[in-house]
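J.: For the protein sequence lines, the chains are H and D, in the order given. Using numbering that gives the first Met the number 0, the letters of the first sequence map in sequence onto residues 0 to 464. Using numbering that gives the first Met the number 0, the letters of the second sequence map in sequence onto residues 0 to 246.
Each hint should be verified, as a subset may be incorrect.
[Stated by the list, open to error] In the BS3-like style, the derived pairs of lysine-lysine whose C-alpha atoms are separated by at most 27 Å in a straight line are:
(1) D:Lys181 x D:Lys241
(2) D:Lys120 x H:Lys441
(3) H:Lys408 x D:Lys150
No wet-lab data here; the hints were simulated from the structure. All values derive from a computational prediction rather than experimental measurement.
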Amino acid sequence: MNPKPIIKDSYEMGFFKPEHSSFKTPKGLDSSTVEAISHYKNEPDWMRQFRLNALEIFQVKPMPTWGADLSAINFDEIYYYISPSDKKFRSWDEVPKDIKDTYDKIGIPQAEKKFLAGVGAQYDSESIYHNLKKQWEDKGVIFLDTGTALKKYPEIFKQYFGKVIPPNDNKFAALNSAVWSGGSFVYIPKGVHVEIPLQAYFRINAANMGQFERTLIVAEEGSYVSYIEGCTAPIYSTDSLHAAVVEIIVKKGARVRYTTIQNWSNNVYNLVTKRALVEEEGICEWIDGNLGSKITMKYPSVILNGKGARGEILSLAFAGKGQIQDAGGKATHLAPYTTSTITSKSVSVGGGQTSYRGSVKINRGAKGSKSFVRCDALILDELSRSDTYPTNLVNEEDVTLGHEAAVSKIGADQLFYLMSRGLNESQASSLVVNGFIEPIVKELPLEYAVELNRLIDLSMEGAVG
Amino acid sequence: MKSQLVIQNLYVETVDHKKILNGVSLKISKGKIHALMGPNGSGKSTLAASLMGHPGYKIVSGKIILNGADITKLSPDKKAKAGLFLGFQYPIEVNGVNFSSFLRMAVNEKQGKRVSPIAFKNQLIEKAKTLSFNYDITQRSLNENFSGGEKKKAEILQLAILKPDFAILDEPDSGLDVDALKYIAQALNSLDFPIGLLLITHYQRILHFIKPDFVHIMVGGKIVKSGTSDLAREIEETGYSKFLKNI
């Protein structure tokens, strides 16, 4: 809660290391790029075909006509695959020094020791480190980079990969499907509860980089897992692109919590598709915090496919100068007695723009289903804005649907009250903002909650006063 | 001039140029209690807010001198650091901001160094006890879902912890039952540091429990009469009507 001494406008993760890639495709994208990636990775033929097919879809699909303006993305100027190392490591001591330094600075190896069950670290296109503590491995939990999982567990991989989000879902899902690399593959056997979180950390280091990781989580009946991802990048004058796909399968009575703290630098386009298929009595929770990036378009989704399935989406967006956060959530109710809640909190400051974009669909037959959407926006100055685009499609009569939205400006009386006790204006604003997002922050692991509050304090310091 | 809060001929208007204070002068020495009374709309709360630097009010002319320094134009946080405190008539709710963490942050700012969390907690528990204030409430969001009495007590609790040189208390008694009133009076009477108080009140009830050294009557944005606690008794018997007639 106590703001630390602050360097104005600083993005602490903006440092970069020289690029020492072991393999890199030339700038731009065509079928030879896709072939090269697949060949370098020594993939089975079905994956090569999957990629080529996805590329065709990407090439014909138009850019989205809604949401933020993406016309400045130049697909010819992007590197689609940069591998920092030939190897993958299970010990930080073996990781090349430059790369290890980066993660030390972010604090990943330290966090792994203290409070995580497993850690994955991706650097540009490849996951360079993946480790799962032995006690979980012994219970049959699989936590690998997605490329390795394709080789080690081909059966289970083929059964689920691309099933929740097929390549033709949207243009960026197609792009990801064509050039995907890295990400996490998580498999939790029936009844296994992984009590402490798994974490993946995504770092873009090279300039003009496209990072296209692909994460697949399968939670078998009655299992539980909490997965956390964090992301940062250096500040370059040119833009980078992050277009990930995350698919989650929650089987009967299982529960998956997926937490994201996205803090990309302000030159990254962050266009991510995330969706979970939830079976009977299963629960999927998306906790999606978006602080960084130039433009983010991301709407974590739940498809409630079995009776009594539940989906909960907490979306947090913070848009400062030059940032657009177009975030929200989607819930599709396909079965009876399913419930969804979408809670969105957004803060815009210094000319930043936030949008809540969400949809709730309740199909015929999904009787007794309930959905509740709440979106609150806090606008800190006259330069900033916030918009709300909710869609509800209900084809069943016996349902409960609630929607509440509130837009507020930071109150002069609140600031006066806090300042009358000796806090300066930026401390007071930080407190109000941190208080506003507290209902979401309290759902985060403590270390992340502290980090998030600190990031907000940093952002406010540059923006207010 | 040292150890005094001096208000010199203060003229204040709202941001849309409505004149509210028309030349208020007052001198409060440390250790003294001044009661400011007056009918509704006489400008008492405006005086409190503008002394603390509320952005909704503009000081057109006049000065505020605190311990010999001119603080007229300072921002509220700087005034607080200089030793001024405002107890709000309607304390503001700040969602999601923990009362105790906020207060500790304020203490850190005031002292310019970090206080030990344990020492702070012990102090908070002790002060809360004096006020018959449930310590659990200090772990909740600032003023959020506090009852009327809890809000008022929480203001005095903040005062007791922040130890200002001078405090303006804007109707600390309004909306309280007699027990809550007694606790507040008792807490103010038992403060363990010297303080000058400007106690704004519409009713004289609280003055049965806190004996003011001076009483001032404000009408129409001006102090029309000053005296000792006898003046409060006079108001109790005859009301404000005769002062209203005089202007």
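J.: Could you run down the list of hints and mark each one as holding or not?
T.: Evaluated hints:
no. : hint                : in the structure
1   : D:Lys181 x D:Lys241 : violated, 30 Å
2   : D:Lys120 x H:Lys441 : holds, 22 Å
3   : H:Lys408 x D:Lys150 : holds, 24 Å
Comparing the model with each numbered hint stated earlier shows that hint 1 is the single one that does not hold.
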